[in-house]
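Chemist: These are the residues of each chain, in order.
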Amino acid sequence: MGPHVRISVRSGWPLLALFFLLLGAVFLQGAIWLILLVFLGGLYAASYFWIRYLATYVTVRRTLRSRLVSAGDRLEERFELINRGGIPIIWVEIADHSNVPGYNASVARGVGGEPVTRWLFSARCRQRGHFQVGPWEWMTGDPFGLFTAVLSFPIVDEVVIHPPIHTELPVQLPAGRRADGLRSREKSLRATINSAGVRDYRPLDPLPWIHWPTTARRGALHVRQFDLDAAGDIWIMLDFSRESQLGSGLDGTEEHAVLLAASLGAVAKTNNRPAGLAVYGREPLILPPGLGENQQWKMLQALAFLRADGEVGLEKSLPDIARAARRGTAVVLITADLSGAWLPKLDHLRRKGIALTAVLFERKTFGGSGQARLLAREIVGLGFDAHIIRQGEVGRPILPERAEEIVYRVTPLGKVVAVRVGADG
Amino acid sequence: MADYLVAIAARRFAPPEGWLAFGLLLGSTLLFLLAVLEIAWVADDGILFSTGAVGFVVALLLVRKGRYPAWDAALTGGTVLAAAFLHLSRVSPWRLLTGSAAAWLDWRLALQLLLVRLESWASEVSRGQATRETIVFTLLLGLAAGLLVALLVWATIRKRRPLPVVALMMVALAANTHFGGGSPWLAVWFALAGFVLTAVTHAGVLESRWIAQAIDYSEEIRQDLIVAACIAGAVLAGLSLLVNDFNTRLTRLALAFQQSDVARALDDTLSRAFGGVQARPAPAPPVGPGSGEGGAAAPEPGIFPRDFLLGDPPELAETPVFEAVLSGADRPVTFHWRFTSYAIYTGRGWLTGPETSVDLKAGAPLGQEVIRPELQITQTVTWVAGDTLPGYFTLGPPLAIDQPVRAFERTPDDLIRIIPRLDPFLPAAAANRYTAVSLNRRIEAAVLRQAALAEVPREILDSYTRLPGEIPNRVRRLAAEVAGDRDNPYDRAVALESFLRQYPYTLEVEPVPAGVEVVDYFLFTLQRGYCDYYATAMVVMARSLGLPARLGVGYLSRPAEGAGRQRVLRADGHSWAEIYFAGFGWVEFEPTAPFPTLGGESETNLDSEPIENRLAPPALPPPRPAGPALWSWLVPLFFFTGLVAYGIHDQRRAARRLRVEVVWSYDRLRRRAARLGWGEDPSRTPREFGAVLTANLLREGRGVEGRRLHQAVDRLVGRLERQVYGPPPPLPVDERDRASTTGERRLIESLLRRLQIRRLLGRFRPF
Chain A
1 MGPHVRISVR SGWPLLALFF LLLGAVFLQG AIWLILLVFL GGLYAASYFW IRYLATYVTV
61 RRTLRSRLVS AGDRLEERFE LINRGGIPII WVEIADHSNV PGYNASVARG VGGEPVTRWL
121 FSARCRQRGH FQVGPWEWMT GDPFGLFTAV LSFPIVDEVV IHPPIHTELP VQLPAGRRAD
181 GLRSREKSLR ATINSAGVRD YRPLDPLPWI HWPTTARRGA LHVRQFDLDA AGDIWIMLDF
241 SRESQLGSGL DGTEEHAVLL AASLGAVAKT NNRPAGLAVY GREPLILPPG LGENQQWKML
301 QALAFLRADG EVGLEKSLPD IARAARRGTA VVLITADLSG AWLPKLDHLR RKGIALTAVL
361 FERKTFGGSG QARLLAREIV GLGFDAHIIR QGEVGRPILP ERAEEIVYRV TPLGKVVAVR
421 VGADG
Chain B
1 MADYLVAIAA RRFAPPEGWL AFGLLLGSTL LFLLAVLEIA WVADDGILFS TGAVGFVVAL
61 LLVRKGRYPA WDAALTGGTV LAAAFLHLSR VSPWRLLTGS AAAWLDWRLA LQLLLVRLES
121 WASEVSRGQA TRETIVFTLL LGLAAGLLVA LLVWATIRKR RPLPVVALMM VALAANTHFG
181 GGSPWLAVWF ALAGFVLTAV THAGVLESRW IAQAIDYSEE IRQDLIVAAC IAGAVLAGLS
241 LLVNDFNTRL TRLALAFQQS DVARALDDTL SRAFGGVQAR PAPAPPVGPG SGEGGAAAPE
301 PGIFPRDFLL GDPPELAETP VFEAVLSGAD RPVTFHWRFT SYAIYTGRGW LTGPETSVDL
361 KAGAPLGQEV IRPELQITQT VTWVAGDTLP GYFTLGPPLA IDQPVRAFER TPDDLIRIIP
421 RLDPFLPAAA ANRYTAVSLN RRIEAAVLRQ AALAEVPREI LDSYTRLPGE IPNRVRRLAA
481 EVAGDRDNPY DRAVALESFL RQYPYTLEVE PVPAGVEVVD YFLFTLQRGY CDYYATAMVV
541 MARSLGLPAR LGVGYLSRPA EGAGRQRVLR ADGHSWAEIY FAGFGWVEFE PTAPFPTLGG
601 ESETNLDSEP IENRLAPPAL PPPRPAGPAL WSWLVPLFFF TGLVAYGIHD QRRAARRLRV
661 EVVWSYDRLR RRAARLGWGE DPSRTPREFG AVLTANLLRE GRGVEGRRLH QAVDRLVGRL
721 ERQVYGPPPP LPVDERDRAS TTGERRLIES LLRRLQIRRL LGRFRPF
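The listed protein sequences derive, respectively, from chains A and B.
The first sequence lines up with residues 1 to 425 when you count with this note's numbering.
The second sequence lines up with residues 1 to 767 when you count with this note's numbering.
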């Protein structure tokens, strides 16, 4: 859809004066009437043609650098203003109606007579989700404020902001066991406890890996070769029932859970562990475990859209995951539900040989009540693993206080006000 | 310390909307008032400043603090109205609060004069008569000016949209200039200032919105807007004046064509072909009132209009007005055929003021006690001017007239004039002939010197010592200097008379300029004139000394043609001064240079030579003439010069503040280099740019001193790196650094410019 140009007159009352001056010039035939008529009429005419000209010959382009970014990263756009006419642009204002939190590319610039003006705008993304950049419009006016031209661009760019990833986690990935109990055939690039062979030395191999007996025997450097752990799939399970959530925004349990899930998924990918996602929100989301970067992106995109608005509690979801998971699989359960009503359902997991690591949010630190420690003790007593996470323990995804720049400006009426500009861009 | 206090005061009292907007608002207001003042619609046009100032200040206070628009508007209107009344009644609140009883007395007299003038205007209008009283117009003018100024302040500060009011004021100024015949320049200046004010206010509106919406904006936009508005306004002003000039040329061309032979031949043909068609006669051109005996100039109404004072048309010719036969005295002691007198001086002309009339039978005494016959003179007058007798002319104060009359007086026993009572049964010839007996008493100077001012009746003093407030102080000072230490009213009056008679007499005078007080203009600028100027000046100067004085008008007595017969012509129209002496009534004085003096000791006759040598020598020579007034040009010139200076200063300051000198210089050089194709890579560091610039200049430039160029570029780039990437510089910024940066920038820029010109010229090289 192309831009829509709208030119409006901001001050129409002087036209009445223009009419009286015209009457005077026609009927009274005095020089002064003609002089002032030309003066005031010329002002209107010049202002109108100025604006008309700018609306015709000025174009603004807006280009989004990337449509997939992580919360905490910068969303960057490039603006290009092209003035094909010779009339200078005193001011141009970009009014951005994007709904990306913390992102507002609105700006007012004095361009002057430059034929091409470019500038970059970037801001740190504050919140995961699916957002729109645009619609937007640019407007300009004459020096006297008589006319305003507004060019509206109803074009919208879709942006997906996925949750950020933290590598320093207070929770370790559970080991799990492969269902067949055999060694993995894949070789590890890191040192593991399983070493099943040797190979020729390659440059940059760590020296501690050198297997000296073989080296001595064969007269050439050889290093040990490591096997992957015989670990099983990992299911990352999020309890997204609305009732169990506490807090809102970045300080709430929802964002902490998403952040934790994304980070665990990243760790799993790094460790070459198949990871899957099971979320019980309004619509159950089941992403079977898989390996590689592609799986990680799938998880991140899924997490970007998630909202903790489910009606299903752990009492129902735990049996589900027990059915879906294979034997020997590890499940990481992330929940803020400390009621313990779901503890009996863990029996389903135990019966299938599924290892569970429960990640419990300490509700007190999120403004709620309940003792995570007691529940964790009970879970450990049942033979599973449990971790307690307090607010802020997994790290904040971004730092909002650094996301904005505050400048002090003097208003035309003399007041000094603090203005947040640029979203630190 | 003083600097500190000034800075504190400037910050404390700085207008919130900024000095530039405030200055423009004030300047626009002043230009508007000056444009109206240039016309000088009324004598007391100083009211514009009073009401304009009050409107400005009150509106300024209310637009910031007021919350109820209707109440604010009512308060502003009421204050402006009160200011107008206070101005017209000449009251100074400061004087009243701190002053003496004399201040209260002055104010009481002035207020009485104001009320009398209002009453006079109301009675004339209610009777359906044309009035020349300007007090109500003055009041309305002051009100309109005050309210328009207040409206401009309100529209600028509260509404942030002054253009509608500026446009309204432009229409008002167009009407003012058109109907007042003024110059268009001040109106154009006002419009220009108003447009710049609009741009400044618009910049404020934009910035406010951007701040409110947290939109990042460049503060240079404000300066760009102002500069663009100034340029656009100046271009439009020039264009409008050019269009007018073009229009005038077209009009002249049309007139020239109309006077050409071709046009005349065409007109004749059409007249012959369509002679039966009767066109409506064109209205006669407005004839200004006469300028005295010569009618040399046509001043605006209200300024010494001969037809106004006497009822005669302005063409003062040798046409006989009346014939008179005198009897009963050897010779008259006065040379004036007195008709009437004026009491109220407005600064631009004379008004009769309120009066009462009484009808008297033929021969009834006219308010004077019985006088001995040897002090009387009888005159039989035959009105020959053709029309009906306008009133009775007598030599000296009339005692009785042989016709039924209507006598007008201001206060009891203060006769002003006498007019005939209509008698339908009286034949026209008889109605135009009358016999009057008047007082022909000669009063010795020694006797008049004994007359005390304190014995003058209160009513006379109240009515005949009033002066308008716009009489400049130098007129009063001059009168006091002329009077010197003379201690009696008579000597003072004679001193004034002899002083004024030094001024040369002429009928060829230019009209009194608009907005100028007549007596001041005559005494200090014009310094020549005819009887109206002399007589008015004497009355005003006498009143400023506290002497009750009035202006007498009538005809000058002609030399007798035999048997006491004389014929008076229209060209004999005259005016003189009359001063009241306790116990003797009104005594005539003749301040007009070529005419014989009168007064108590006069013993002249009509055949005698002028008797200046009999008067006391004048106390002072006339003051040196005043120079032309340049204020109407200097004020706007100073204003706009100041505006431009402020704009330049502000722009430079802003440039320094926003982008320090070195960054600005670097940007400038980069732009200039980009035009030569050297600076287009945005990823280039300043140091790299400097290297490219130096290398290219050394390669392509001629006569470039390499070492100096290297040094300049190195210093500039180094300073830029420190400024941009280093820690903040200590305050205050070293001025030497800034000057050095400017020098380096200019050096490099001049080289770049030279190269650019050379390239440009190279394009046009034929081979």
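The set of hints was computed from the structure by calculation and includes no laboratory data.
On a predicted model such as this, the values are computed, not experimentally measured, just so you know.
Quick reminder that beta carbons are idealized off the backbone N, C-alpha and C, glycines included.
You may find that some hints are simply not true.
[To be verified] Some chain A residues judged to face chain B by a derived CB distance under 7 Å, without partners named: (1) 20; (2) 24; (3) 32; (4) 43; (5) 143; (6) 145; (7) 148; (8) 209; (9) 210.
Chemist: Each hint needs a verdict: does it hold in this structure or not?
Modeler: Hints, one by one, checked against the model:
1. With 7 Å as the threshold, the beta carbon of residue 20/A comes within range of chain B, its nearest partner Cβ sitting at about 5 Å, so the hint holds.
2. Residue-level restraint check for residue 24/A holds (minimum Cβ-Cβ distance to chain B is 6 Å; threshold 7 Å).
3. At a threshold of 7 Å, the smallest CB-CB gap from residue 32/A to chain B is about 4 Å, leaving the interface hint in force.
4. Because the beta carbon of residue 43/A sits about 6 Å from the nearest beta carbon in chain B, less than 7 Å, this interface hint is met.
5. At its closest, the beta carbon of residue 143/A sits 4 Å from a beta carbon of chain B; the interface hint therefore holds under the 7 Å criterion.
6. Annotation: interface hint on residue 145/A holds; nearest CB of chain B at approximately 3 Å, less than 7 Å.
7. Proximity of residue 148/A to chain B is violated relative to the hint, the smallest CB-CB distance being about 10 Å (cut-off 7 Å).
8. With a cut of 7 Å, the hint placing residue 209/A at the interface with chain B is violated, because the nearest CB-to-CB distance is about 43 Å.
9. Violation of the interface hint for residue 210/A is found here, the shortest Cβ-Cβ separation to chain B being roughly 46 Å, above the 7 Å cut-off.
Violated hints for the displayed structure, listed by number in ascending order: 7, 8 and 9.
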